[in-house]
Amino acid sequence: MSWHERTSITDLMVGDVVLSYDINEEKIIEAEIIDRVEELYSDGKETFAISTGDYGINLTIFHILPYYRDGELIIDNSGTVEVGDELIVINEDELSIILQKVISIEEGITDNQVVYHPVSSNGYYFVNRILLHD
Amino acid sequence: MVIVHKDHGVYSFDESVPFHKKILSEFYHSKFEKTLKSNNIPYIITDYEDYDEDLVGDYFVGRFAHALIDKELHSKCFDKLYDYYGEKMWPNKKAYYYYDDKVRQYELLEKYGIQVPSVTCNDLDELLKNVTIGTVIKSTYGAGSESTFYVWEKEHLDNIEEYISNCYNSENFFPCQVQEYISTEHEKKIVITNDEIYGIKQKLDVGWEYPNHFPFNYGDEHWANRKGNKVESLNEREFGLLDTIMDIKTELNTPNLKFDIINEKVIEFTYMYGELLPETYKYMYFDMNTKSFEEKVVSVNDFAYKQSNSVLKHLGII
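Same order as they appear, the protein sequences are chains Y and B.
Residues 21 to 154, numbered by the numbering used here, are exactly what the first sequence covers, in order.
Residues 3 to 320, numbered by the numbering used here, are exactly what the second sequence covers, in order.
Calculated directly from the structure, the hints in this document are not laboratory data.
Take these hints with a grain of salt, some might be off.
[Claimed, not checked] No farther apart than 25 Å at their CA atoms in a straight line, the calculated lysine-lysine pairs in the PhoX-like style are these:
id: 1; chain 1: B; residue 1: K96; chain 2: B; residue 2: K82
id: 2; chain 1: B; residue 1: K298; chain 2: Y; residue 2: K121
id: 3; chain 1: Y; residue 1: K121; chain 2: B; residue 2: K96
[As the list claims (entries may be wrong)] Okay, the calculated beta carbon distance ranges per label pair:
id: 4; chain 1: B; residue 1: D207; chain 2: Y; residue 2: D131; range: 17 to 25 Å
id: 5; chain 1: Y; residue 1: D55; chain 2: B; residue 2: T186; range: 33 to 41 Å
id: 6; chain 1: B; residue 1: S32; chain 2: Y; residue 2: R26; range: 31 to 39 Å
id: 7; chain 1: Y; residue 1: I43; chain 2: B; residue 2: E296; range: 28 to 36 Å
id: 8; chain 1: B; residue 1: A69; chain 2: Y; residue 2: S116; range: 42 to 50 Å
id: 9; chain 1: Y; residue 1: I129; chain 2: B; residue 2: D81; range: 49 to 57 Å
id: 10; chain 1: B; residue 1: N124; chain 2: Y; residue 2: I43; range: 53 to 61 Å
id: 11; chain 1: B; residue 1: G318; chain 2: Y; residue 2: D55; range: 37 to 45 Å
id: 12; chain 1: Y; residue 1: R26; chain 2: B; residue 2: K78; range: 52 to 60 Å
id: 13; chain 1: B; residue 1: E296; chain 2: Y; residue 2: Y88; range: 25 to 33 Å
id: 14; chain 1: Y; residue 1: T30; chain 2: B; residue 2: R106; range: 35 to 43 Å
Don't be surprised by glycine CBs; every beta carbon is placed ideally from N, CA and C.
Chain Y with its partners taken away, still in its complex shape (with noise of 0.2 Å):
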């Protein structure tokens, strides 16, 4: 695994490689940033603060993760995760995966901004150490 360093989303450019996550194989891998979108969402849209006590995340209720639900993976929408849930987080020192579960979800708002969405090669990235798809 190559050196990494934390960076903002909004600075990911095509060519960049982040930390990623094959599903499948269970295994920590590098991607390549192959594509970077921005999209102008409709105002008042629901967005969902989900946070694990240890790390949190913002979305909108378009973006998709993975999570476990009583042992079972389920990728599918934000708004979907139930506080219990367990996310996929990467302790990035050791570079190995744990599960943590979800201890509170907050609904907020979008405020007509741009969100950018880069795209990864195999789909998957790391957003404050929580597993995102793309």
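Fit chain B to the known structure of chain Y by using the hints.
Only chain B this time, still in chain Y's reference frame:
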């Protein structure tokens, strides 16, 4: 054995489409295939060239939609397919022949008293006699407003042929309908699928730059990538027309229908449609079995398969 028609490539989309739309807008044949495979039901994927041969199988499911290049192909083989599979086919004959034919739909909607008053014009001369300022002109063919324009000022009346030429089906625009423009804030879309009825309302644009931009000021974006105006789930009081919609579904004997509605009048309906997007966290829906309204958290995976699974259930395959 289920015969699954392979979607025409014209319905594909590029990689810039966000992931949730890719899930929702995946090819119908891929969705059918996944469900059939997971239920261990035998199937084969077929294409137009296969329909020249002797037909096989017990059931047929296929996306026969409005894109001209696809329509040219499926219009040639539909009758042969229906003669063989009958009501074990999706779309069935009624759904297919009402689809992409607003003039024909008008006759059905009129029977139920929910039509938008329209004058049908069979050629340009008839259209020029009937078009006035404040009217909307719609080809009987087309989806997504690709063959619609709105005449709101005098100079537009001199350029009717130009607006027709901008339509995707300019060579085959007639018959068309002339309707009075209805000023309203929202358009409702009501979907009946899987014994559930969902409803949303979408804010309509005002202030179009050009007659062909009506009713939404979309640019050149791919249909799967359009931003769209604000969408909200209908609340219980806003649904309306439930009994009529269920009656039309029964009459057409088709598993899914989407109705576009303004002021409780149906603009058009279709047996297949782009899946409802997760535009909102929860959708209110009417459960046809319990006859009550319920609320459901929107799941992209759930919504992506509603139409295809509803088709397979309707045909008794799953």
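Each hint, compared with the structure:
The suggested pairing of B/K96 with B/K82 holds, with an alpha-carbon distance near 15 Å, which does not exceed 25 Å. Of the supplied pair hints, the one linking B/K298 and Y/K121 holds, its CA atoms being roughly 23 Å apart against a limit of 25 Å. Distance check on the hinted pair: Y/K121 and B/K96 sit about 51 Å apart at the alpha-carbon level, beyond 25 Å; violated. About 21 Å separates the C-beta atoms of B/D207 and Y/D131, a value consistent with the hinted range of 17 to 25 Å.
At roughly 39 Å, the beta-carbon separation of Y/D55 and B/T186 lies within the given 33 to 41 Å, and the hint holds. For the pair B/S32 and Y/R26, the beta carbons lie near 37 Å from each other, so the given range of 31 to 39 Å is met. Between Y/I43 and B/E296 the Cβ separation comes to about 32 Å, which falls inside the hinted range of 28 to 36 Å. Evaluation of the 42 to 50 Å hint for B/A69 and Y/S116 yields a pass: the beta carbon distance comes to about 49 Å.
In this structure the hint that Y/I129 and B/D81 lie 49 to 57 Å apart at CB holds, the actual value being about 51 Å. At roughly 56 Å, the beta-carbon separation of B/N124 and Y/I43 lies within the given 53 to 61 Å, and the hint holds. With their beta carbons about 43 Å apart, B/G318 and Y/D55 fall inside the hinted range of 37 to 45 Å. Between Y/R26 and B/K78 the beta carbons are some 58 Å apart, a value that agrees with the proposed interval 52 to 60 Å.
For the hinted restraint 25 to 33 Å between B/E296 and Y/Y88, the CB-CB distance of approximately 27 Å keeps it satisfied. For Y/T30 and B/R106, the hinted distance range of 35 to 43 Å is not satisfied, since their beta carbons lie about 51 Å from each other.
The structure does not agree with the numbered hints 3, 14 stated previously, though it agrees with the rest.
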